[in-house]
Amino acid sequence: MTALLEVRNVSRFFGGVTANLDVSFSVDQGVVLGLIGPNGAGKTTLFNCITGFYPPSRGEIFFEGQRINGFPPDKVCRLGMARTWQKVRPLAKLTVLDNTVVGALCHTNSVPEARQIALEQLRVVGLEKRANVLAGGLPIGERKKLELARVMATKPRMILLDEVMGGLNARESEEIIGLILDVKKRGLTQVVIEHDMKAIVRTCDRIVVLNSGEKLAEGSPQQIVNDPRVMAAYLGDSGGAKA
Amino acid sequence: MRTFLPWAVAAVALALVPLWVQSPYALHIFILLFLAIALGESWNIIGGFAGQYSVGHSAWYGLGAYGAFILLQRKAIAPWFGVWVAIAAAVIIAVAVGWITFRLRGPYFVLASIAVAEIIRLAALNWKELTNGAEGILAADVPPLRLGGTVITDWNSKIPYFYMGLGMALFCIAVNFLVKRSKLGYYLQAIREDQDAAHSLGIPLTLSKNTGLAISAACTALAGGFAALYIGFIEPQGVFGIEVSIQMVLTCIIGGIGTVAGPVIGAVVVVLLSEALRASLSSAHLLVYGVLVIIVILTMPDGFVGFIAHRLRRKAAA
Amino acid sequence: MTPLLEVRDLDFAYGDVQVLRGVSLSVNAGEIVTLVGSNGAGKSTTLRNISRLLRPRAGTMVFDGHDLTRLAPHQVVALGVVHVPEARRVFPEMTVLENLRMGSYIASARAERAKNIERGLMLFPRLKERIGQLAGTLSGGEQQMLAIARGLMARPRLLLLDEPSLGLSPLLVRTIFDTIAQINAQGTSVLLVEQNVYQSLRIAARGYVLETGRIALSGTGESLLANSEVKAAFLGA
Amino acid sequence: MAVFLQSALSGILIGGVYALTGIGLTLIFGVMRVINFAQGDLVMVGMYCTFWLFVLLGIDPFLSVVLTMPALFLLGALLQRTLINRVLDALPQNQILLTIGIGLVLSNTAMLVFTSDYRILSTSYSSSSVALGVIRLSTPLLFCFLITGVITAALYWFLVKTDTGHAIRATAQDRDAAQLMGVNVRFMGVLAFGLGSALAGAAGALVAPIYYIYPQVGGAFTLKAFVVVVLGGMGSIIGAALGGILIGMSESLAAVYIAADMKDLCVYVIFLLVLLLKPSGLLGKSRM
Numbered sequence: 001m002t003a004l005l006e007v008r009n010v011s012r013f014f015g016g017v018t019a020n021l022d023v024s025f026s027v028d029q030g031v032v033l034g035l036i037g038p039n040g041a042g043k044t045t046l047f048n049c050i051t052g053f054y055p056p057s058r059g060e061i062f063f064e065g066q067r068i069n070g071f072p073p074d075k076v077c078r079l080g081m082a083r084t085w086q087k088v089r090p091l092a093k094l095t096v097l098d099n100t101v102v103g104a105l106c107h108t109n110s111v112p113e114a115r116q117i118a119l120e121q122l123r124v125v126g127l128e129k130r131a132n133v134l135a136g137g138l139p140i141g142e143r144k145k146l147e148l149a150r151v152m153a154t155k156p157r158m159i160l161l162d163e164v165m166g167g168l169n170a171r172e173s174e175e176i177i178g179l180i181l182d183v184k185k186r187g188l189t190q191v192v193i194e195h196d197m198k199a200i201v202r203t204c205d206r207i208v209v210l211n212s213g214e215k216l217a218e219g220s221p222q223q224i225v226n227d228p229r230v231m232a233a234y235l236g237d238s239g240g241a242k243a
Numbered sequence: 001m002r003t004f005l006p007w008a009v010a011a012v013a014l015a016l017v018p019l020w021v022q023s024p025y026a027l028h029i030f031i032l033l034f035l036a037i038a039l040g041e042s043w044n045i046i047g048g049f050a051g052q053y054s055v056g057h058s059a060w061y062g063l064g065a066y067g068a069f070i071l072l073q074r075k076a077i078a079p080w081f082g083v084w085v086a087i088a089a090a091v092i093i094a095v096a097v098g099w100i101t102f103r104l105r106g107p108y109f110v111l112a113s114i115a116v117a118e119i120i121r122l123a124a125l126n127w128k129e130l131t132n133g134a135e136g137i138l139a140a141d142v143p144p145l146r147l148g149g150t151v152i153t154d155w156n157s158k159i160p161y162f163y164m165g166l167g168m169a170l171f172c173i174a175v176n177f178l179v180k181r182s183k184l185g186y187y188l189q190a191i192r193e194d195q196d197a198a199h200s201l202g203i204p205l206t207l208s209k210n211t212g213l214a215i216s217a218a219c220t221a222l223a224g225g226f227a228a229l230y231i232g233f234i235e236p237q238g239v240f241g242i243e244v245s246i247q248m249v250l251t252c253i254i255g256g257i258g259t260v261a262g263p264v265i266g267a268v269v270v271v272l273l274s275e276a277l278r279a280s281l282s283s284a285h286l287l288v289y290g291v292l293v294i295i296v297i298l299t300m301p302d303g304f305v306g307f308i309a310h311r312l313r314r315k316a317a318a
Numbered sequence: 001m002t003p004l005l006e007v008r009d010l011d012f013a014y015g016d017v018q019v020l021r022g023v024s025l026s027v028n029a030g031e032i033v034t035l036v037g038s039n040g041a042g043k044s045t046t047l048r049n050i051s052r053l054l055r056p057r058a059g060t061m062v063f064d065g066h067d068l069t070r071l072a073p074h075q076v077v078a079l080g081v082v083h084v085p086e087a088r089r090v091f092p093e094m095t096v097l098e099n100l101r102m103g104s105y106i107a108s109a110r111a112e113r114a115k116n117i118e119r120g121l122m123l124f125p126r127l128k129e130r131i132g133q134l135a136g137t138l139s140g141g142e143q144q145m146l147a148i149a150r151g152l153m154a155r156p157r158l159l160l161l162d163e164p165s166l167g168l169s170p171l172l173v174r175t176i177f178d179t180i181a182q183i184n185a186q187g188t189s190v191l192l193v194e195q196n197v198y199q200s201l202r203i204a205a206r207g208y209v210l211e212t213g214r215i216a217l218s219g220t221g222e223s224l225l226a227n228s229e230v231k232a233a234f235l236g237a
Numbered sequence: 001m002a003v004f005l006q007s008a009l010s011g012i013l014i015g016g017v018y019a020l021t022g023i024g025l026t027l028i029f030g031v032m033r034v035i036n037f038a039q040g041d042l043v044m045v046g047m048y049c050t051f052w053l054f055v056l057l058g059i060d061p062f063l064s065v066v067l068t069m070p071a072l073f074l075l076g077a078l079l080q081r082t083l084i085n086r087v088l089d090a091l092p093q094n095q096i097l098l099t100i101g102i103g104l105v106l107s108n109t110a111m112l113v114f115t116s117d118y119r120i121l122s123t124s125y126s127s128s129s130v131a132l133g134v135i136r137l138s139t140p141l142l143f144c145f146l147i148t149g150v151i152t153a154a155l156y157w158f159l160v161k162t163d164t165g166h167a168i169r170a171t172a173q174d175r176d177a178a179q180l181m182g183v184n185v186r187f188m189g190v191l192a193f194g195l196g197s198a199l200a201g202a203a204g205a206l207v208a209p210i211y212y213i214y215p216q217v218g219g220a221f222t223l224k225a226f227v228v229v230v231l232g233g234m235g236s237i238i239g240a241a242l243g244g245i246l247i248g249m250s251e252s253l254a255a256v257y258i259a260a261d262m263k264d265l266c267v268y269v270i271f272l273l274v275l276l277l278k279p280s281g282l283l284g285k286s287r288m
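Residue numbers (our numbering), protein chains in the order written: chain A, 1 to 243; chain B, 1 to 318; chain C, 1 to 237; chain D, 1 to 288.
Calculated pairs, DSBU-like style, for lysine-lysine (alpha carbon to alpha carbon, straight line, at most 35 Å):
hint, chain 1, residue 1, chain 2, residue 2
1, A, K87, D, K278
2, B, K158, B, K128
3, A, K93, A, K185
4, B, K75, D, K263
5, D, K263, B, K128
6, A, K93, B, K183
7, B, K180, A, K129
8, D, K161, C, K115
9, A, K93, D, K278
10, A, K155, A, K75
11, D, K161, C, K128
12, A, K75, B, K180
13, A, K87, B, K180
14, A, K185, B, K183
15, A, K129, B, K315
16, A, K75, D, K278
17, B, K183, A, K184
18, A, K87, B, K183
19, A, K93, B, K180
20, A, K75, B, K183
21, D, K278, B, K183
22, A, K87, B, K315
23, B, K183, A, K129
Please keep in mind that the hints were generated in silico from the structure rather than gathered at the bench.
With these hints in hand, go ahead and build the complete structure from the sequences.
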C-alpha cells in the first residue's frame, strides 16, 4: 500500500534563509500524524509547501501517488487535501453558515446542496445554533470549530490542522481533541501541528519532530517524549549545566 | 420573497412617476439617479463582492459609450443594437487586462487599474480617425425605436430615457442579486474577506475574479452606452477620465460596499446633494464626493447600510 | 527593598484570545531574572506589555516608582527600560554604525554616544569588522550581537531580552549567554525571556516558568534546574 | 545625435520634478504605509501659492520655494494629524479612498476659489534658454533642476546624517523596533507627511513657470508620482530619484522618436510592465 501523503526531501529557502531542509516523511491512510518542534522549526512553512502556497525549492510531494509539486492551493484542495490556519481566518463579514457553504461549494455547483452539507458539518462541530451569526463576531473557541467545519465541508480525504488548539482554554481544547478523535474514527487522515504535548500524545499515532527546519526525530509518542534529542531541542543545550 | 417585495414596490412606484411628473428637470434628475445606481451596482460586483478596488472602471464605461457611438456614426447601427457589440468588446478587453492585473494585490492592483484606464483614454485621445480625438463625437441622428414596425419613440422627450434608465438600473440590481446568491457570489465574497483562506478552500482565484470582472465590465459598458445616448455627446476625458471611476467607487463606499442596497442609497445621497449644491458649486460638484467620502471613511467605514445594520444589531442586542 | 520592576496581575488578550492571566513577577536591581516557557506561553507578550508595545487589559507595572501603564513606548525607553525584541529586528537598511547610533536616540543617551559605541564594540569585536555594512546583510548571529549592543547604547538600567539564543549555533548560544552575564556584572539588570531553559537558568538568579499565560513555577535558577516539573511543563510528559 | 542629446537632457531636467513628487510620496509610504493619492493636488496647491506670491507680491517663483515649502509642510502635518492618523490601522483601500477624498476637496476648493481658468505665470526669463554647444536648454527648466538637486541633497543629508533623519528611516524599516529605541512614531508620521507635502509644494513652485496652472492639474502629477515610485521601488528614496529622471527621459524621448501625443501612453505602458514583471521596482526591495 502506498502512503496517502509522501513528502520526499523537501527543502524551502527564502532568500538566504533555510526554512526547511531535506524533510521526508509519509502518512498512511487513517493515521493522525503530529508535527511538532520549537518556534521557527519550519512547521507552518512545511504546511504551506504541501498545500501549494509556495512550491518547495527542492524535493517532491506526492498525494495518493500523484506528484503535486507546484499545484495551486485550490487544486490541492479539490484533490482532497484541506488545511486550517494557525491564525484563524474566518471570512469575517459572512455568516457562520456562509463560511461553511464556501467550503462545501468545492464539490458542488448547487448552493442549496452546499447549504445542506454545511449545516450537517456545523451540527458535527456543534455550531448549528450560531449559523446566522457573522463569523468575525465569534469567540476564539468557536472560530476554531468553524475552521474545522469549513474544512470538513470540502469533503477532504486528508486534513492538515495548524495549531487548532492554540489560544484555547482547557475545556475548549478538550472539545477539539474530541473532534479530532471523532474525525479519526471516520477514517480521515490528519496531520496536526500542536504545541500542547498532552494533546499530541493523546491524539497522534506517530510524531515527526522538526528543529531548525530539519527532521530531528520520528516515532511513536512514547519514543518521542523520551528521546534525549527532542528534550534538548525543547529545553535547550544542557552542556555545562547539571540537569 | 420578503427581500424582493420592497424592491418590487419601489420599481412599480418609480414606473408610475412620469404619470405625475412631467417636468423635464425632475425627469433628468431621475435619469441621472438611474445612471448612478447602474454604475454603482456594476462596480459593486467586482469592488464590493470581490473587494478588488478598481479605480479604472471608466475604461469599460468609455468603451460602451464609444462603441455605441462609433457604430452609430460609421455603420448607422442604432445604439441599442450597437451597445451589445461595445459590451462584448469591453468584456474581452477587461478579461485580457484582468488576467494580467489580478495577480497584483492591494494598492498595486489599484494603481494598475488606473494605468489601464489611462492607457485606454490616451489611446482614444490619439486614435483620431476612429474617435475624433479630443473633439469628441456628437450623436448623429438617432433613428426612432421601432418594435414590429410601430414606432415606440422618436426620442423627443425624456420619458423613454426615464424608462430605459429605470430598466437598466433594475437590471443591474437584479444582476447583483443573482451574483450574490450564486456560487460565484460566495467565491467572490470569500476572496474579498481572505484571499489565502479562499484559495485553500478550493477557490480558483483568477478565474473567479475574471468572471466577476466580465459581468461588472458588461454592466458598466451598458451604462456607458446609455449615458452616451442620453447626453448625445462624448469626449475622452468625459467618459474615460478617472473622475468617472472615482464616482463609481465613492457611490458604493458611501452607501455601503458589498451590499445590493448600498449603491442605491449612495446614488440617491450623491445625486441629490450634487444637484442641490450645483448652483453654488458649479463645476466643483466633486467637492460633495470629497467631503462625503472623508466623513464616511472616518465615521462609518462600512457605509450607510453597514452603519444602520450595526445600529440595528446593537438595538436588537440591547 | 522594593524591586526595580514590579509587575502585578497582568492580564492581556489579543482580541478575545486571552494570552496572559494574572502574571506577576519582579526584578530586583542587579539581578538576572529569566522567564521560561514553551511556545505560545506568553513570554514575548509579557515583555511587549512591559515596553508598552501592547496595552494590557488589567494589572500594574511599576518601574522605579513610575507607573508604566500610563506611558507610551518611547517614554518607557527614556526611563531606562530597553527591550531587545525577538527575531533580532535590526534596521536592515542601516549600517551597523547607524543601528548603534539609533540605540542612543533618546536625548539623555546622546552625550555618551561615542563612549558607548566603543563599549559595545569591545563586547562584540565582530561588529567592529562589520561597522559600515548594512545590518540586513549580517549573519543571524551577528544581527543578534548588534541587537544587544544597540540595546545597551542607551545605558539601560533594565534590559528586556527576548529569545537572544533563537536560531543560533550552540557555540554562539554559549557566547551570547556569557555576554549577558558579563553585561549584568557591569551593573545592568536583565529580564531574560528564553526557550533555552538550561542556559538561561544557569546564569539567572531567579526564574519564572510561564505555562499558557500563567506563572506555573518560580524560584531560584538552581532550584528550577533541579525541578522535575520544569521538564513536564515543556514536554507534557 | 544632437536631437537625442537635446531631448534626453530636457527629459532629465523635467524628470527632477517628477523625482521630487515621487520622493515625497515614497517618504510618506515608507513611514506610514499609506499611498497618498492627494500628492498631485498638493503640487497644485504649491503652484497656486507660487502664482499668487508672484502676482500679488512679485516674488520670483524660484525664490518662493522657501515660502511654499514650509506652508505645505504645515498643511501636510495638519492633514496627517487630523485625518490620516485615524485610519492608520484601517484597510489599505480605505486609506486610499480617504486620500482620494482629500485630493478631491483640495482640487475642488481650488476650483471654487480660483475658478477653473488656466493661468500662466510668465517671468522675464520664461522663454529664454542657455546654449550648451549644439544643445539649448530652457532657463526655467535648468533653474528648476538645480533647485531640485539642492533640495534632494538636503533631504538626503537630513535622513542620513541627523538623529531625526535616522529616526524617520528607522520607523520606515521597523516601526516596533523604532519605538523600542525611544522614537515617537506618531510624531514621525506627522513629520513624514509634512516633509512629503513640502516636497510636493516645492515641485509645485518649480513647475509653476513651466506648466499651465489650473485646479485639476494635480491628477497628472499624482499618476506620474506613482509611476516614479513603483519604478524605483515603493519606499526607496534613491529609487524615486532615479525613477523620476528615467520617466522624464522616456517621456521626452518618446515624444521625439514615437509621437508627441504618445509620450504619456509610453509612460503608462512602462509602468504596467514594471508592475507586472518586477513589482518591487527596478532597484529591487529597498527601504530608505
